[in-house]
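Student: Let's have the full structure, built from the sequences with the hints guiding it.
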Amino acid sequence: AARIVLPIVALIFILIPLVWIAVGRALAPLADATKALATINSDAIHPVAIVNPAKEVKPFVAALNNLLKRLAQQVTRQEHFVSDAAHELRTPLAALQVQLELLESAGSPEDRRSAIAQLRRGIERLTHLGQQLLTMARLGPTNTRPPAQAVDLSEVAMEVVGELWLLAKTKEVDLGSLEHEPMFVRGDADALKIMVRNIVDNAIKYTPRGGKVDINLRRH
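Numbering (this note's numbering) for the sequence shown: 37 to 256.
Hints were generated in silico from the structure; no laboratory data involved. All values derive from a computational prediction rather than experimental measurement. Beta carbons: idealized from backbone N, C-alpha and C, even for Gly. Among these hints, one or two may not hold up.
[Claimed, not checked] Straight-line distance between alpha carbons at most 27 Å, and here's what the computed BS3-like set of lysine-lysine pairs gives:
1) K91 x K71
2) K207 x K248
3) K94 x K105
4) K205 x K241
[As the list claims (entries may be wrong)] Pair ranges (Cβ atoms, derived):
5) A85 x P218: 53 to 61 Å
6) Q133 x Q167: 20 to 28 Å
7) R148 x N234: 27 to 35 Å
8) A122 x G198: 31 to 39 Å
Tutor: As structure tokens, then:
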């Protein structure tokens, strides 16, 4: 029994360090991947680079890098959305401020009622804009976007003029829309309205006092 057991015990003590070394070398790429992942944060998401990974580890590393790429795209998309949302909310908030000042300076009950009505419409537009932004935030690249529909750009232009005329007035900019017939395009009505509002908002912003801004639609 001793002649049989002693060689087996000796063999076990010899095999343990050999197996330990072999497994350690085989798992070294995973250890490298763990160290690389520990250095990644939301400000700098980059692929994991492993030198000469074993063929069994390559699919894992490829899948991990694909996940990191999608995560980086999502972070970038969120940053862009926050920037766009801040830009979109700035104009209606400024309009509410102007409407509140008009309410405070109203000298008659009629002027006060008119200012309150304008303030209420401004709050409703701001609420609708918030809903638009939330909808756009949920529309990721994998989500279904709303189907395109016929949108009258002339109506969009008139709505934008109605929303921004008070801001233009406070800057002494003459804002108007030239006469034009209905002009339909296929697209997302809310997104088109945001686009037109951005254009007109920038026009008001960079037009000197006493200037004029007109919206004109033409087929070309």
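Student: Which of the listed hints are not met by the structure?
Tutor: Per hint list: single violation, 8.
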